[in-house]
Amino acid sequence: MTRNSQQVLVERARRLAMPLGDGADARVTMLGFTLGDEGFVTALAGLTEATPVSHLAPLRNVPALYAGIANVRGALIPVFDLRSVLNIRAPRTGTLPIMLVIDTPQPAGIWVDRLDGLLSVERATLRRDHGPQAAWFLGRTPDLRTAIDLRALLAEALAHQTNRAAEAPNRP
Amino acid sequence: MGEHLVTFVVDGLVCSLPMEQVEQVVAMPAITPLPGADPRVLGVIDLHGSPCLVINLRRLLGLREALIQPEQHLLIVKAGQRICAVGVDQALDVASGDVLTVPGDRRGGELIQGLSPSGGLLNLVLDSAHLLDAAPLAPGRARDLAGSTA
Chain Z
1 MTRNSQQVLV ERARRLAMPL GDGADARVTM LGFTLGDEGF VTALAGLTEA
51 TPVSHLAPLR NVPALYAGIA NVRGALIPVF DLRSVLNIRA PRTGTLPIML
101 VIDTPQPAGI WVDRLDGLLS VERATLRRDH GPQAAWFLGR TPDLRTAIDL
151 RALLAEALAH QTNRAAEAPN RP
Chain A
1 MGEHLVTFVV DGLVCSLPME QVEQVVAMPA ITPLPGADPR VLGVIDLHGS
51 PCLVINLRRL LGLREALIQP EQHLLIVKAG QRICAVGVDQ ALDVASGDVL
101 TVPGDRRGGE LIQGLSPSGG LLNLVLDSAH LLDAAPLAPG RARDLAGSTA
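Heads up: the sequence lines are chains Z and A, in that order. Read in this note's numbering, the first sequence has 168 at position 168, and its numbers run on one by one without any break. Read in this note's numbering, the second sequence has 26 at position 26, and its numbers run on one by one without any break.
Just so you know, these hints were derived from the structure itself, not from any lab. On a predicted model such as this, the values are computed, not experimentally measured, just so you know. Ideal placement from N, C-alpha and C gives every residue a C-beta, glycine not left out. Honestly, I wouldn't trust all of these hints.
[To be verified] Part of the chain A face toward chain Z, derived, beta carbon under 10 Å:
hint, residue
1, Val26
2, Ala27
3, Met28
4, Pro29
5, Ala30
6, Ile31
7, Thr32
8, Leu34
9, Ile45
10, His48
11, Gly49
12, Cys52
13, Pro70
14, Leu74
15, Ser96
Build the full structure now, drawing on both the sequences and the hints.
Spelled out as structure tokens, the structure:
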């Protein structure tokens, strides 16, 4: 058997091994970005734009989750820094931050340090072992990028922040 | 109106399986050999996350052994309560025809449940329920069965 024939057989075996129902959407295009020293990918659905932030108005006396307020074509939107939620210790990098605008009930910006372009990710290769048991964690790609659902992550971070704020007056 | 049969060719011999026993027909994939397994087992494939035995039909029918090729097909079939796979040279058609019982008892040939002239070809009708436990036919026996009634 030729090497080419063997490759055809192996490729078919790989497809046959995929879970049913994932054939049509086996590969998905995701946006790659870097936050601190970690790489991430997120689905394009729900993202409205990725834009450099020329000016970010910082907020005083707020948790680290809130990076500030940005003006996007006349609309003021909150910008969130998920570094603390994701346990990223590396400081912010880059002089010109980039913001991903996600379509939550209200538009929200997510601070990222660098955009890494569109990446084609095979769903079947995402591994969920050794990761947080959370709805926003979709798995890790073979090149060790973390696939996340930005909307779910932001919702969880905000809920956590709200709970902490509610508990604060009860602390001795 | 007879039984619906999925017809296929193995080493030039036309055979068939009742359609209700055939789950899928797919292009031949790579098969992982199982060292030390019964010679009737060609290997195993990953079928949507579940291991699936691939039966060596050539061995069961006493035909010549051959390497698998990309042009071949794999039938995913129900073998009793289990799902297994059978490699064939080419899947042909779904045909309708009466099944004639093989003369005599089925000793040593439980795999073959009869013959059918479906699709204009006389073919050996196999019983997938015995793919995993049938004794291999002696070389030439399957061709004799197909030829004796032709």
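To see whether the hints hold, each was checked on the structure:
1. Val26: holds (6 Å)
2. Ala27: holds (6 Å)
3. Met28: Hint on Met28 (chain A): holds, closest Cβ of chain Z at ~6 Å, below 10 Å.
4. Pro29: holds (4 Å)
5. Ala30: Holds. Min distance 4 Å.
6. Ile31: Because about 8 Å separates Ile31 (chain A) from the closest Cβ in chain Z, which is inside the 10 Å limit, the hint holds.
7. Thr32: holds (8 Å)
8. Leu34: Hint on Leu34 (chain A): violated, closest Cβ of chain Z at ~15 Å, above 10 Å.
9. Ile45: Nearest chain Z Cβ about 6 Å off; hint holds.
10. His48: Cβ of His48 (chain A) sits 5 Å from chain Z, so the hint holds.
11. Gly49: Interface hint status for Gly49 (chain A): holds (6 Å vs cutoff 10 Å).
12. Cys52: Interface hint status for Cys52 (chain A): holds (9 Å vs cutoff 10 Å).
13. Pro70: holds (5 Å)
14. Leu74: holds (8 Å)
15. Ser96: Not OK, violated: Ser96 (chain A) not within 10 Å of chain Z, min 29 Å.
In terms of the numbered hints stated before, the structure departs from hints 8, 15, listed from lowest to highest.
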